[in-house]
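Given the structure of chain A, go ahead and fit chain B onto it with the hints provided.
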Amino acid sequence: MKALSVLLFSAAAYAGEALSGAVEKQPLNMSAIMMFIIFVGATLGITYWAAKRTKTAKDFYTAGGGITGFQNGMAIAGDYMSAASFLGISALVYAKGYDGLIYSIGFLVGWPIILFMVAEQLRNLGKYTFADVASYRLRQTPIRTLAAFGSITTVILYLIAQMVGAGKLIQLLFGLDYEVAVILVGVLMILYVTFGGMLATTWVQIIKAFLLLSGATFMAIAVMAHYNFNFESLFTAAVQVKDISIMAPGKLVSDPISAISLGIALMFGTAGLPHILMRFFTVSDAKEARKSVFYATGFIGYFYILTFIIGFGAIVMVFQNPQYLDMAKQAIDGGYPILGGDNMAAIHLSHAVGGDFFLGFISAVAFATILAVVSGLTLAGASAISHDLYASVIKKGKTDGLMEMKVSKIATVVLGIVAIILGIIFEDQNIAFMVGLAFAIAASANFPILFLSMYWSKLTTRGALFGGSLGLLTAAVLVILGPTVWVDVMGNAEAIFPYKYPALFSVSAAFIGIWFFSVTDSSESSEKEKEAYEAQFIRSQTGIGAEGAVEH
Amino acid sequence: MKQEMVDAIKNDPDFIQLTRERSKFAWTLTVVMLVIYFGFVLTIAFDPSILGMPLSSGSVTTIGIPIGVGVIVSAFVLTGIYVRRANGEFDDLTAKIKAKAKGE
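Residue numbers (the numbering used here), protein chains in the order written: chain A, 1 to 552; chain B, 1 to 104.
Mixed in with the good hints, there may be bad ones.
One-sided excerpt, in silico: chain B residues whose CB lies under 8 Å from chain A [to be verified]: (1) 17; (2) 19; (3) 26; (4) 33; (5) 61; (6) 82.
If you are wondering where the hints come from, they were derived from the structure by calculation, not from laboratory data. Here a beta-carbon is modelled for each residue, glycine too, at the ideal position from N, C-alpha and C.
One chain only, chain A, in its complex shape (with noise of 0.2 Å):
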């Protein structure tokens, strides 16, 4: 059982930590540097005309509301789909071929999760922050700092694995010193969100989704191009220089309880991201809500068709092309390893069907992915810190909009600095176990406070404030004594909890914590918690006195 986990999570951790591990510092790459400049410059336009419409803390959280449906599901999958997902799964199926497929399926289905249960409900109770909608009824100060803290504690969980990424990529890609690309991203993610706000934020999402959707989709024509569109001959070529195991599965999924504790992880947490969540309140409605997440299932859904057919074409035209091939490694380790390793595959791919032009065009669309995901990111924690921790529970919602965007801004620039610090911390650190956890925790203390405080009338603050602690303990401890932290971090040879993705028990501890803290609390204000449930569940169904749209 325990060997069977292990080789499940292998995989997982392997795009996971897509981007981490030793990298040797490229030649300065000049057209890559040349299109990387051309979007600096586009976005820091869009942040300037986005600065002079970000007056209020309405614009600043939510682009005023006023986002339609197509534009905030672009967005959405610009916030999802980063550097690690594109180079990290297109490696996974270089390397293991259908296991890529299974593994990225898991991260699209929370998405119809999303829009059944929380995605209309979210908009309509909500305002800047998924702890508007989780403190609705209850006491804000317990609550808002608990959510306040699992959106913080992921929100930095996710970053420093994106800073780390950020500063081996563009080393490998641009030949910039590791320090100066986590600080370049440092910065300019720090100039998006303090000026252009939430409207910035969108739009520099929006534009990568769409250089990335549009540079993956020629790199998947240009790839079944060669075999006249035709699968099964792509296949075959494929089958003929690696073997016929990479049409199956493989050793990703290998045992129940670890398919299902993933399962619920890549479901629930992804339906628990703070950065996610926030999305919604960009929109003017339901309506729009709604469309978002239909169209960002879309974009999503065919990005990772796009991811295996690229993966594909690496291990036909890479694969064991002497262009791609690290000689120098060959010669000690023998195979055919490709330079800059697995997670290069659709980097090099790019090159072999595109020439230096379009490779400059991918690996400048690769920085502009980071940049857009630190972005929603820092944003999402800086609303956490300000709306939440500075205006409910600091001030106990006695502050003006004004003010209280001035601290959204302090606290960007410091979690900022931070991002960069750490970044630089982190540089040879193991952090596989980062995203992991982060979505542990998104999955195991935010979500079943959100979800359950929709839908469940007879939830108390005991109850939630319990429950979400014991769900955020139980999913980090867990991740500590598993093995990718136990184990490969910290040295020990067995782990003392087997499994790598905790959310089946950390969940489970979350909401049986949650439900047993509110059935037991008989206080009086409980009662008055449990009152309000109709009036909520009114305004949650109808959108009757729900936050509207400003006109700009």
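Just chain B now, kept in the frame of chain A:
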């Protein structure tokens, strides 16, 4: 929201119909998605060779390929089905409830 308004909407037959129908619809689609996804990964967990069968005799392509792509497409189609009904029928009902709440 005032208590009178809460009581009025709560007892509005349109509201009762909206919440009942939508909840049934949303839960049904959720279960469909869960069955598709967990059916897929549990099939792999218990017997990976099923998805490794050739699509037709002699082909390299396995049945796992169209099934995997099918799971992706099904997620998109299910969201489409929900949005279509919710943005039409359910929003019409919501508009009626809102109009009544304003009038009363």
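Structure-based check of all given hints:
no.: 1; hint: 17; verdict: violated, 11 Å
no.: 2; hint: 19; verdict: holds, 5 Å
no.: 3; hint: 26; verdict: holds, 4 Å
no.: 4; hint: 33; verdict: holds, 5 Å
no.: 5; hint: 61; verdict: holds, 5 Å
no.: 6; hint: 82; verdict: holds, 6 Å
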